[in-house]
Amino acid sequence: MDFQLLVDIFPQVLLDGLILGFMYALIALGYTMVYGVLEFINFAHSEIFIVGAFAGVEILLGLKGAGWLDGLPWPLVLLLLLLAGMAVSGLLAVTVERIAYRPLRSAPRLIPLISAIGVSFFLQDLIRLVESIWRNAFNLVYPTLDALNLRFELTETIDVSVKSIVVIVAALGMLWVLHLLVNRTKIGTAIRAVAEDQAAASLMGIDVNRIISLTFFIGGVMGGAAGVLFGVQYGLINPYSGFIPGLKAFTAAVLGGIGNIPGAMLGGIVLGLLEAFAASYLSLLTGGAFGAEYKDIFAFSVLILILIFRPKGLLGEIVRERA
Amino acid sequence: MIRATLAVGVVALSTWAVAVFPRSILVFLLFQGSLLWVYLARIPRWLRATLLAAALLVLMPLIGSFNGYYLEVATQVGIFVALALGLNIVVGLAGLLDLGYVAFFAVGAYSWAIFGSPQANQIFGGGFPLAPGWFYVFLGVGLCVGAATGVLLGLPVLRLRGDYLAIVTLGFGEVIRVLANNLDKPINFTNGPKGITPIARPPVPFGLPYSEAFYFLVLLIVCVVVLVNRRLEDSHIGRAWEAIREDELAAQAMGVPLVRSKLLAFACGASFAGVMGVVFSAKQIFINPESFTFLESIGVLAMVILGGMGSIPGAVVGATVVTVLNLQVLKGFSLWLNELKNAGVTVFGMSLADLPTQLEPAKYERMIFGMILVLMMIFRPQGILPARRRARELGKP
Amino acid sequence: MTALFEARGVTKRFGGLTALHAVDFALDEGIASIIGPNGAGKTTLFNVFTGLYQADEGSVTFREQPLLGLRPDQITALGICRTFQNIRLFANMTALENVLVGMHARVGLGLWDVLTHRPRFHATEGALMARASALLERVGLLRQANEVARSLPYGDQRRLEIGRALASEPALLLLDEPTAGMTRGEAGALMRLLRALVADLRLAVILIEHNMRVVMEVSDRVTVLDHGEKIAEGPPQEVQANPRVIEAYLGTRHSGGPRRRLAER
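Protein chains in written order, with the working numbering: chain F, 1 to 323; chain P, 1 to 397; chain V, 1 to 265.
Isolated chain F (complex conformation) (with noise of 0.2 Å):
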């Protein structure tokens, strides 16, 4: 084994990790905040998430298809796809809300989690027949953005791309937003008044199924962001690309544990580092055996222990004591 080797690309990895961790903390606040909420596994969230990444691809193409795209400067562009997938994504996650979940919100726990299953399938396909009529295509690539390839050479064995810059700062400032709109504003008191108790918010004047409604609309524009972050990063997107992603963000907000926002970041990051390191380790420690097509698997085990062990997560829950 080449000891050297492992230490050169350390850093390297430790970046991709934090990249990776950074996309899946901000896919994970949709599922935490809305089982803060509701105590509710917004299975189709990863949907919603990749649905974000489909709006961003539209509008560069679109912008491609009518010449603009070398003209506009690359901020405005990604800002354009930024608030386009947010959108989307928001007023999808809405809409999910209201059509399938709501009228389920005083059965028994199982079926609205049925009931979401059933929307992630549906909107998969739903964006696949979108796409196969629009485009003829349902595999689309990101149109590339010359500045956001640009990389730089921080020493010989590192070098860092403008995207993943963005991508980091990006991330950083919508958990910033997020965090001030939670905690210090008159929306945020609501939310957790009605994640604390929905009969006395309710009782206490506020409109519970507004705030549902807001706490997807929240989720939603996080996971479009990501949404939008995700295609910006990796440049392929397929209806189907969500799903995985999704499911390990939601490994995240459990890590973190359920229901706490801090701790759905964390929880991103831990599990973002832990997968860039075991795609990039697990081959080379094993000579060869087991190489990163494990890496998926290493996500569900970390949720499958961290379930059995501390099922509470990193940093705790926070949900209401009985649903």
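Just so you know, these hints were derived from the structure itself, not from any lab.
All C-beta atoms in this analysis are idealised placements derived from N, C-alpha and C, irrespective of residue type, glycine included.
Be aware that one or more of the hints could be misleading.
To give an idea of the chain P side of the interface with chain V (calculated C-beta under 7 Å), a few residues [unchecked claim]: (1) R23; (2) A53; (3) E242; (4) A250; (5) M254; (6) G255.
Below, computed lysine-lysine pairings styled on BS3-like, alpha-carbon distance capped at 25 Å [as the list claims (entries may be wrong)]: (7) P:K185 - F:K295; (8) P:K194 - F:K295; (9) F:K312 - F:K295; (10) P:K341 - P:K194; (11) P:K341 - P:K363; (12) P:K331 - P:K341.
Chains P and V: place on chain F using the hints.
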């Protein structure tokens, strides 16, 4: 009397239709529907039994002898009926949402695939495949391996809350699939994504063609599974499962050992899948990890939900409808659309030939499953044939 | 010789809150009531007795066998069964099925018996049915045997819960506010039933009750809890006159302030 005549007439008519129309899925559904009607109709027990036996044991194989298509569909339906009944125990009776059910099916399938093909030589050096007669032994092996996997998975996770359990079983299903995909190295167990072939088929008595033999085998297993299901349901075991589904804490306080009961549910459900896995691998001759995806698990779940959680006739109907929708209706629609395209038909002034080529209706299984799940949950969570509470005669004590 | 059921120094904490503090309790026969203001720790005590909570300190024995560390179903199998303050029937199962589930611990059949339907199976199931209908008759629900529990009237649900608990053949029955929400007449009838059960089945009963009339009428002995501590114990009349009890109920020490609420379920 009128009902009895009607029942005979309905079966006769639908059989005639199946015999006459070579490949019509509607006709097949009609046939299945008539059987269901006979099952539910208020006719004397002996007549019901005779009609069902005649239709399934005589008419269907007869039709199959000159038209393999229906027999194939019936066999596939049978496989999924057994799977749905297995999952019904776990989800319907015990109320444990298992999203990785297909993993047990995979474990059964791979157990025969590896030893019933030259694949095992990669592990043990030589001496394989086993003689085809071992297939029948492996039905038992599949049962045990399925049950053991169920217990192995169940032990750590059954203490979890219901929704967490769902996600963990989903993860487990994916783990099994990833393992099947990648355990071609360092030792080649599964031959990876390329899959395993040729898998030995069992020796068949009376010189029956394979298609008929598999039909009878599947039918036999389905009958056993139904019997087992009914006996479990009508026993203290089944009552304990339902109690757990209704209120876990109260059930425990009434003396139901939670972990043991849940493990038993998991193991029972998994063992059915294990047996069917063995049959499936022999029937297909070839298996690869693609047959055991999350999609399949959800498909089986959709069958249980559609029919009605906890309902045995429901699971049968759900499996039939979903399999037929999935295998046949979507494909049929695809073919039909292609024919229209090729014929240059126009709709609303738009030529169908201009339809995007990527639009393949056959590929929209997920949409169907998804719609089934959402619509059933919202409008009819008890399913189309809900589990009926059995009223019982109580003598004066 | 120790008592049939004995608890010594039972302490239970939730985080920083001490829900039960060194509670002693013993019962040999008859009906013992536990009373106390809301949040005094009565249900918590039941939950410790039946294994739903693990006590932090102390010991509980039943027929000289230690109970702490056992699971609820094991405790039920030993002969202690309970009802719940907020009725917890198996809502979608029939009254009969509810009672049958209560017998689970007494069914001596294995998986193999069930699958093969051996003669043993039919004999056992037959016996279960007979006993279930006898029990339903006892609690006055034989006619509703095949009705789904959810659709029964409130009073019937309460009685069904008692029938279900009796199905496990307990020697000690714990009833958590069985007359809550009942009219005077219903409560009286229920208590007559309870008295008869105690006499016929040689049953010991621990009763949590808010209805003082019921308590004074039916109990052989009364234990008073307040803030997780036992403040009085003795025959009903004696306890009724105890100044500490009066104080706890009238709340002079905490006038006006809301009582702290414990995790009472």
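These are the hints, each one checked on the structure:
1. With 7 Å as the threshold, the beta carbon of R23 (chain P) stays out of range of chain V, its nearest partner Cβ sitting at about 40 Å, so the hint is violated.
2. A cut of 7 Å between beta carbons decides the hint on A53 (chain P): the least distance to chain V is about 21 Å, and the hint is violated.
3. Interface hint status for E242 (chain P): upheld, as the beta-carbon distance to the closest one in chain V is roughly 6 Å, under 7 Å.
4. With a cut of 7 Å, the hint placing A250 (chain P) at the interface with chain V holds, because the nearest CB-to-CB distance is about 4 Å.
5. This hint holds: M254 (chain P) has a C-beta 5 Å from the nearest C-beta of chain V, less than the 7 Å allowed.
6. For G255 (chain P), the interface hint holds, the least distance from its beta-carbon to any beta-carbon of chain V being 3 Å, beneath 7 Å.
7. At roughly 16 Å between alpha-carbon atoms, K185 (chain P) and K295 (chain F) fall within 25 Å of each other, so this suggested pair holds.
8. With a C-alpha separation of about 21 Å, the suggested pairing of K194 (chain P) with K295 (chain F) holds against the 25 Å cut-off.
9. Among the hinted pairs, K312 (chain F) with K295 (chain F) is consistent with the structure: their alpha-carbon atoms are about 24 Å apart, no more than 25 Å.
10. The hinted pair formed by K341 (chain P) and K194 (chain P) fails the criterion: a straight-line CA distance of about 34 Å is larger than 25 Å.
11. Distance hint between K341 (chain P) and K363 (chain P) is fulfilled; the C-alpha atoms sit about 18 Å from each other, no more than 25 Å.
12. Distance hint between K331 (chain P) and K341 (chain P) is fulfilled; the C-alpha atoms sit about 15 Å from each other, no more than 25 Å.
Checked against the numbered hints above, the structure breaks hints 1, 2 and 10 and satisfies the rest.
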